[in-house]
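2 protein chains.
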Amino acid sequence: MSIINVEDLPVRTVGPVTYRIVSAGPVMMLYLIVPPNTNLPEHKHENFQMGYVLSGSGSLTIGRKQAKVSQGMAYTISENVPHGLQTNSEPLELLDVYYPPKSDRL
Amino acid sequence: MSIINVEDLPVRTVGPVTYRIVSAGPVMMLYLIVPPNTNLPEHKHENFQMGYVLSGSGSLTIGRKQAKVSQGMAYTISENVPHGLQTNSEPLELLDVYYPPKSDRL
Chain A
319 MSIINVEDLP VRTVGPVTYR IVSAGPVMML YLIVPPNTNL PEHKHENFQM
369 GYVLSGSGSL TIGRKQAKVS QGMAYTISEN VPHGLQTNSE PLELLDVYYP
419 PKSDRL
Chain B
319 MSIINVEDLP VRTVGPVTYR IVSAGPVMML YLIVPPNTNL PEHKHENFQM
369 GYVLSGSGSL TIGRKQAKVS QGMAYTISEN VPHGLQTNSE PLELLDVYYP
419 PKSDRL
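If you're matching them up, the sequences are chains A and B in order.
319 is the number of the first residue of the first sequence in my numbering; add one for each residue after it.
319 is the number of the first residue of the second sequence in my numbering; add one for each residue after it.
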């Protein structure tokens, strides 16, 4: 167990996204920053995913559903459902949770 | 899958704590508000738990470790490890994640 300041964690990158690994235990939690005006094309994976928007805004597509997201909004993405994200003119700061942990983020 | 505004979710209570269920899927996510000057005595459960502090501050005890927590800090609590929380003079706003889902919060 641990109590940490997320800003102190090592910064990693995947494409245009920077992230920090908050937990890689039984459940993975990532803290992510998606840059402004960024399109993360639709993709899918076998991990259940959910998240919470800490700041910024964007447009999130999950399956056939599309919605604007901003601070205080949350989302769940069932296993193998395609999803994509487009940010607006500010960075989008997210917490993302994966089960099982997403091995390609380790 | 869903995209929601957490504030729109039904408010539940457990003791002095109010919470909203963001996800009760494979992994549970709760949005919690712990009132000011509140002591949540040490307790333990068989669920893995982790969380992120959205606002406020307090003192978190996990096992033999005690630390002040505030916005941007995160914690992980292994299964069956005792943990407790004392808030300061402002509400503590948290995201908590449980695996498996904590059935007594449903």
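Please note that a few of the clues may not be correct.
Identical copies carry no separate label here, and so any pair may be met within one copy or between two of them.
Once the Cα atoms are required to be at most 30 Å apart in a straight line, the calculated DSBU-like pairs of lysine-lysine come out as [stated by the list, open to error]:
#	residue 1	residue 2
1	Lys386	Lys362
2	Lys362	Lys383
3	Lys383	Lys420
4	Lys420	Lys362
It is worth saying that the hints were derived from the structure and are not from the lab.
Hints versus structure:
no.	hint	verdict
1	Lys386 with Lys362	within (20 Å within a copy, 38 Å between copies)
2	Lys362 with Lys383	within (15 Å within a copy, 39 Å between copies)
3	Lys383 with Lys420	both (23 Å within a copy, 28 Å between copies)
4	Lys420 with Lys362	both (12 Å within a copy, 27 Å between copies)
In this structure, none of the earlier numbered hints is contradicted; all agree with it.
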